[in-house]
Each structure stands twice: as C-alpha cells, then as structure tokens.
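Visitor: Sequence:
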Amino acid sequence: MAGRDARAARKKLIWRVVQILISVVLVVAIFAYAIPKIADYRSVWQAFTNMTWLELTSLVVATVFNLFTYWWQNMASIPGLGLWQAAVNNQTTTSIADTIPGGGYIAVGVGYTMYRSWGFPASAIALSALVTGIWNVFMKLGLPVIALAILAVQGQASGGLVLASLVGVLVLAGGVVLFALVLWKKELAHRIGDGLGRAVSVVLRLIRRPSVEQWGEAAVRFRRQTIDLVSKRGIALTVTTIVSHLALFLVLLLAVRHVGVSESEISTAQVLGVFAFGRLVTALPLTPGGLGLVELSYIGGLILAGRAHANVPTDVFHAQVAAAVLVFRTLTYGIQIPLGAFTYLIWRFNKSWRRPVVGEPEPQPAAPVAGS
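In short: position in the sequence shown from 1, add 3, done, that's the working numbering.
No lab work stands behind these hints, which were simulated from the structure alone.
Quantities reported herein were computed from a predicted structural model and do not represent experimental measurements.
Where is the CB? At the ideal position from N, CA and C, for every residue including glycine.
Zero decoy hints are in this set.
Simulated restraints, written as ranges between beta carbons of each label pair:
hint : residue 1 : residue 2 : range
1    : Gly-83    : Val-31    : 43 to 49 angstroms
2    : Arg-45    : Leu-348   : 36 to 42 angstroms
3    : Arg-351   : Val-31    : 31 to 37 angstroms
4    : Arg-194   : Ala-32    : 42 to 48 angstroms
5    : Pro-124   : Trp-87    : 17 to 23 angstroms
6    : Gly-107   : Ser-267   : 36 to 42 angstroms
7    : Trp-48    : Ser-267   : 22 to 28 angstroms
8    : Arg-45    : Gly-136   : 38 to 44 angstroms
Derived lysine to any residue pairs resembling SDA-like cross-links, with alpha carbons at most 20 angstroms apart:
hint : residue 1 : residue 2
9    : Lys-143   : Ala-132
10   : Lys-40    : Leu-29
11   : Lys-40    : Val-319
12   : Lys-143   : Leu-133
13   : Lys-354   : Ser-120
14   : Lys-143   : Gly-107
15   : Lys-143   : Val-284
16   : Lys-143   : Ala-239
17   : Lys-14    : Ile-109
18   : Lys-14    : Pro-104
19   : Lys-143   : Leu-253
20   : Lys-40    : Val-315
21   : Lys-143   : Leu-299
22   : Lys-40    : Val-28
23   : Lys-143   : Thr-285
24   : Lys-14    : Leu-24
25   : Lys-143   : Phe-280
26   : Lys-143   : Leu-249
27   : Lys-354   : Leu-86
28   : Lys-14    : Gly-106
29   : Lys-354   : Trp-87
30   : Lys-143   : Ile-238
31   : Lys-354   : Gly-85
32   : Lys-40    : Leu-299
33   : Lys-143   : Thr-271
34   : Lys-40    : Gly-303
35   : Lys-143   : Asn-69
36   : Lys-143   : Leu-287
37   : Lys-14    : Leu-289
Take these sequences, add in the hints, and give me the full structure.
Guide: The following block contains the structure:
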C-alpha cells in the first residue's frame with residue numbers, strides 16, 4: 004500500500020513538473036518569438052507612450068470598476084458576504100489561479116478556507132461555486148453568439164462566422180435546457196446527475212482513477228439549493244454576471260481606442276467578437292490564466308478584424324493592436340497577482356472577520372491550502 008502511494012505521489016510530481024515546463028515553454032515562445040514577429044516591442048512601447056494621462060486614468064478607473072463587478076457577483080451568490088470579504092476572496096483566488104499551472108484547484112481550497120473562517124457553511128460555499136460557474140459559462144458561451152449576431156446585422160460576418168454562431172447557439176441552448184431540466188423536476192435532476200456521474204466515471208477509469216458516486220443525490224440537493232438561491236438572488240446574480248463581463252470588455256475597448264485604433268479600422272462589434280472568443284481561450288489549462296495564449300489570440304483576432312486599416316502603415320497598426328492588448332492584460336491580469344498577494348495577507352492577519360460555523364461540523368477542505 005505504501006509503495007502504491009509512493010508511486011502515485013511520484014507520478015503526480017512528474018505531471019506537475021511537466022505542466023510547469025509546458026507552461027514556461029509556451030509563454031517564452033509566445034512573448035519572445037511569436038509576438039515580436041507581429042510587432043516590434045519598441046514600436047509597441049511607442050504606441051503605449053502616445054497615450055495621454057487622461058486616457059491612462061480612464062483605463063485605471065475602468066479596471067477598478069471591473070474589479071468591483073466581480074466582488075458584487077460573489078456577494079450575490081453568498082448571502083451575508085460583505086464587499087471587502089468578497090474583494091479579499093476574489094483577488095486572492097484569482098491571483099493563485101493566474102500564477103500557478105493548474106492553480107485553479109489550489110484557489111478553490113484557499114477560497115473555501117476563507118469562507119469557512121468567516122462562518123459560512125460548506126453547502127453555501129459549494130452552491131456559490133457551482134452557480135457562479137454555471138452563470139459564467141453561459142455568459143462565455145452567449146457572448147460570441149451575441150457578437151456574431153451583431154456583426155451579421157452589420158454585414159461584417161462571413162459564412163464561417165455565421166456557422167460558428169449557429170454552433171454556439173446549439174451548445175448554449177443545450178446547456179440551458181439541461182440546467183432547466185435539473186431545476187424542473189427532482190426525478191429528472193436525479194437521472195441527469197446519475198447520467199453525468201456514469202459518463203465521468205468512464206473517463207476516470209480510462210486514466211485509472213476511482214469512479215464517482217451518488218451524483219444523482221448531489222444533483223437533487225443542488226436543485227433544491229439552487230431554486231432557493233435563484234428565487235431570492237437570481238436577478239442580482241444575472242445582472243452582476245453580465246456587468247462583470249461587459250466591464251472587462253470595456254477595458255479592452257478603451258485600450259484599443261486609446262492607442263489610436265479608430266472605429267473605422269476595427270469596429271466596436273469586431274472588438275466584442277474578438278473579446279468573446281478570446282474569453283473561451285482562458286478555458287485552456289495550458290498556462291496560468293491563459294498567459295501568452297490569450298494575448299496571442301486577441302492580437303491575432305484584432306489584426307484580422309482590422310485588415311482595412313485606412314492610411315495607417317501595417318507595422319504601426321500591428322504595434323497599436325499589440326500595445327492595446329498588452330495594456331489590457333497588464334491591467335486585468337498582471338496587476339491581479341500582487342494585489343492577490345496583498346489580499347491574502349489581509350485575510351491571514353485580519354481576525355475581526357473570523358466567525359465560527361454554527362450548527363455544522365468542520366469538514367476537510369476540498370483542495371490543498373497554501374499557508375494553512
């Protein structure tokens with residue numbers, strides 16, 4: 004038994020090292036080779052320095068507003084959560100997920116431990132994670148459809164984009180129908196949970212992992228708790244989810260305009276389309292927070308969208324686009340990391356928010372927790 008555990012731990016360590024190496028190679032290749040092939044960094048810096056202080060200030064204000072929208076969404080999903088508690092939890096977990104390859108699992112554990120230390124029951128924490136996750140997935144799938152519909156109305160969508168939009172509509176509709184069926188009847192929730200559990204178990208057996216159990220019962224509990232939460236906070240949760248995504252888009256749009264790319268070169272609808280598909284790239288678990296991959300997808304998408312860039316030379320246009328994307332990612336990704344380290348320290352040393360969990364035994368956290 005001990006030998007089997009040692010082999011499993013060794014395999015896990017090897018896989019972790021492989022993950023880190025893949026992430027490092029991809030990030031270095033993209034920033035040291037791919038992006039410089041598109042735009043010289045000196046030209047990118049020149050495009051950045053052409054922005055005025057007023058333009059830079061507006062970007063910072065938009066970024067701060069975007070941060071608040073994430074905190075509001077957390078507050079909508081957990082009754083009783085304060086604004087600054089939401090800020091500390093969101094920034095800390097985001098920083099972990101954006102820094103460490105596969106850090107999402109560690110972030111879940113840290114976020115869970117924070118909520119428990121503030122007196123929130125495990126059921127409320129799990130429900131918050133599931134509901135906000137579902138709402139965000141629906142929004143990520145819906146945005147490309149909305150963007151392509153706008154482009155089609157404006158006559159800027161090709162046949163391929165229309166086909167992609169139709170596929171997106173089908174996927175989104177399937178997800179919404181499945182979610183609605185779970186909420187509609189307890190029996191359907193149980194059947195769907197069991198079906199998903201069997202499908203997941205097949206995949207797990209292929210990689211020699213233990214099968215999952217009792218997903219039907221879990222789906223029934225999720226249904227009951229979700230109906231209660233959505234009936235009370237469904238509107239707030241939906242509004243904050245929509246606003247958080249649009250606030251993030253606003254930062255990108257301002258960056259594109261402030262570096263000098265006009266509406267005639269890349270329309271707002273085209274920027275929205277690139278943003279929407281770029282958000283899907285963040286789901287790829289190859290680098291932390293999609294570092295490198297997201298930048299490359301945004302730069303490539305915006306350049307393709309703005310092929311008719313008026314009288315601006317190609318190299319200048321490419322530099323402007325790269326500058327806009329790098330400024331956007333610095334504000335919405337890079338700054339999150341030190342900010343998250345700061346909020347983690349706030350949680351560690353601020354004892355005034357600590358509360359016991361009433362009427363519930365203390366379970367073990369779902370993932371390893373840094374510094375606990």
